[in-house]
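With these hints in hand, go ahead and build the complete structure from the sequences.
Heads up: the protein sequence lines correspond to chains A and B, in order. Note that the first sequence covers residues 1 to 417 in the numbering used here. Note that the second sequence covers residues 418 to 508 in the numbering used here.
Do not rely on the hints blindly, as some may be mistaken.
In silico lysine-lysine, PhoX-like type, Cα no more than 25 Å apart, as pairs [as the list claims (entries may be wrong)]:
no.	chain 1	residue 1	chain 2	residue 2
1	A	281	A	356
2	A	93	A	356
3	B	429	B	459
4	A	247	A	195
5	A	290	A	356
6	A	48	A	5
7	A	290	B	422
8	B	429	A	195
9	A	247	A	5
10	A	195	B	459
11	A	311	A	281
12	A	195	B	422
Going by beta-carbon spacing under 10 Å, a handful of chain A positions derived as facing chain B [unchecked claim]:
no.	residue
13	26
14	186
15	287
None of these hints come from the bench; they were simulated from the model. Note that CB positions come from ideal geometry on N, CA and C, so glycine has one too.
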Amino acid sequence: MSYVKGLRCRECGAETPIAPLHVCETCFGPFEVQYDYAAIRRALTREKIAARPRNLWRYRELLPIEGEPRVGLHSGMTPLVRADRLAAVLGVKELWVKDDSVNHPTFSYKDRVVSVAISKAIEFGFETVSCASTGNLANSVSAHAARAALACYIFIPDDLEQGKVIGSTIYGPRTIAVRGTYDDVNRLCSEVADKYGWAFVNINVRPYYTEGAKTYGFEIAEQLGWRLPRHIVVPTAGGTILPKVAKAFRELRDLGLVEGDFKIYTAQAAGCAPVVHALHKGAELIAPVKPQTIAKSIAIGNPADGFYVLKAVRESGGWGEAVTDEEIVAGIRLLARTEGIFTEPAGGTTVAVTKKLIEQGRIPRDESIVVSITGNGYKTLEAVLDTVEQPFRIPARLADFDELHARLNAARAASAV
Amino acid sequence: MVQVKVPTPLRKYTGGAGGVEAQGATVAALVDDLERRYPGLKERICDASGQVRRFVNIFVNGEDIRFLAHLDTPLKAGDELSIVPAIAGGR
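The following block contains the structure:
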């Protein structure tokens, strides 16, 4: 049974029945799915959720599909890792990493939103799915489309990391590399979506797609033992996940499943920080920028939901910061070397921003903190290629290893002095 | 004349056409001309103060006018102007 009532414009309040529509005809504001929360409140309990399979559909009353889920039966329920080694380095008491670098099947948080978008696209009767993407989304749409036997078109900028490109093409979609930035790709796709009548997961199916991001927040609360973190740091690109994590926490609170307050913080790369700039200036409007950063998965200069990121951050009493590419790489290395988790530059950004916010005193050292890791480092090896140590090359002879080992020990002893 | 691309939500004003022609020396003047040709269109693109609505992006020859001169961006014959809803995208 579905608890969905319809779509409602976030700006002017215009209502419309469930359909593959993403913007209000009156004001161009985004449509958002409306639920019957009173009925959900009666139906949903912690126990009911806990008894369900460990995937993102365990929160299905709060997701906008009508029938049974079609894809994503192994997506979500990624680890929430207690990160004591990283906490020690950052000088804080309680730190957690929500690790979507191991999400199924394509190793990013996008498997959540795509599971919902494609299940919904099938309900609407679409036979072709598509997206504009900086990589992770394309990977996820390609994989889920293959499993659901849907035709698939992927639009990406033509300068992506090889891992992100092959991570789509292997699943057999038509892949179109567009000369330009992600924002150019996105604009083209808005026009293609208008003309071809496909389900663009992040355009005309967007109201359903974005709801899938809430599951990241639901899981954190459940995995903390039905408790909200006091502070959560989330990377911002197009601005989907941050407002939806805030919404997830509010929904759980309104349904009586958790209590307490949280503050939410946005993390951006200095080379592409339109939301952080607006936040720091106290501005309402977000001035678009031309991205210039290694963090390609969050290089969106014209964030669709940037306005709602600002709103969610401000309403919660949180803040945000931007960090340089050097700090991003340092963040990737720090997480790898303290917690054994290899994230992409978006995750390095979040780690580095968390460090900065703690050092600034914006995040107190004695309260619970969640760092949101949304993507996997194995897809973006180029980002760290020049900064990681190269292997020691030796012949296959014990004497050579003995000599190397002695040299390394001597170097360690010298550096310890 | 300037070629104008009209997104689906606005096509009820253009008789269903996805592409129309209009003229004006600037984007602001072109929007006024569009209003003369297709009454009701301007109010959808601009808010009461005359500024472009928060959720509308306008591109001239593929460039966002916020990187140009906003509504004062000059236009010449043969230019292409796209009106695109801002809400789209992900990663």
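Status of each hint after checking the structure:
1. For the hint pairing residue 281/A with residue 356/A, the CA-to-CA distance comes to about 18 Å; that is within 25 Å, so the pair holds.
2. Note on residue 93/A and residue 356/A: the hinted pairing holds, with a Cα-Cα distance of about 16 Å set against a maximum of 25 Å.
3. Using a Cα cut-off of 25 Å, the hinted pair residue 429/B and residue 459/B holds, with the two alpha carbons roughly 13 Å apart.
4. Taken as a hint, the residue 247/A and residue 195/A pair is broken in the structure, with Cα atoms around 33 Å apart against an allowance of 25 Å.
5. For the proposed pair residue 290/A and residue 356/A, the alpha carbon gap of about 24 Å is at most 25 Å, so the pair holds.
6. For the hint pairing residue 48/A with residue 5/A, the CA-to-CA distance comes to about 22 Å; that is within 25 Å, so the pair holds.
7. Among the hinted pairs, residue 290/A with residue 422/B is consistent with the structure: their alpha-carbon atoms are about 23 Å apart, no more than 25 Å.
8. Between the alpha carbons of residue 429/B and residue 195/A the distance comes to roughly 15 Å, so the proposed pair stays at or under 25 Å and holds.
9. The straight-line distance between the Cα atoms of residue 247/A and residue 5/A is roughly 17 Å, inside the 25 Å bound, and the hint therefore holds.
10. Among the hinted pairs, residue 195/A with residue 459/B is consistent with the structure: their alpha-carbon atoms are about 23 Å apart, no more than 25 Å.
11. Pair hint residue 311/A plus residue 281/A holds up; C-alpha atoms about 14 Å apart against a cutoff of 25 Å.
12. For the proposed pair residue 195/A and residue 422/B, the alpha carbon gap of about 12 Å is at most 25 Å, so the pair holds.
13. Interface restraint check for residue 26/A: the shortest CB-CB distance to chain B comes to about 8 Å, inside 10 Å, so the restraint holds.
14. Interface restraint check: residue 186/A against chain B, minimum CB-CB distance 5 Å, threshold 10 Å, status holds.
15. The interface hint given for residue 287/A is met, as the beta carbon of that residue sits about 6 Å from the closest beta carbon of chain B, less than 10 Å.
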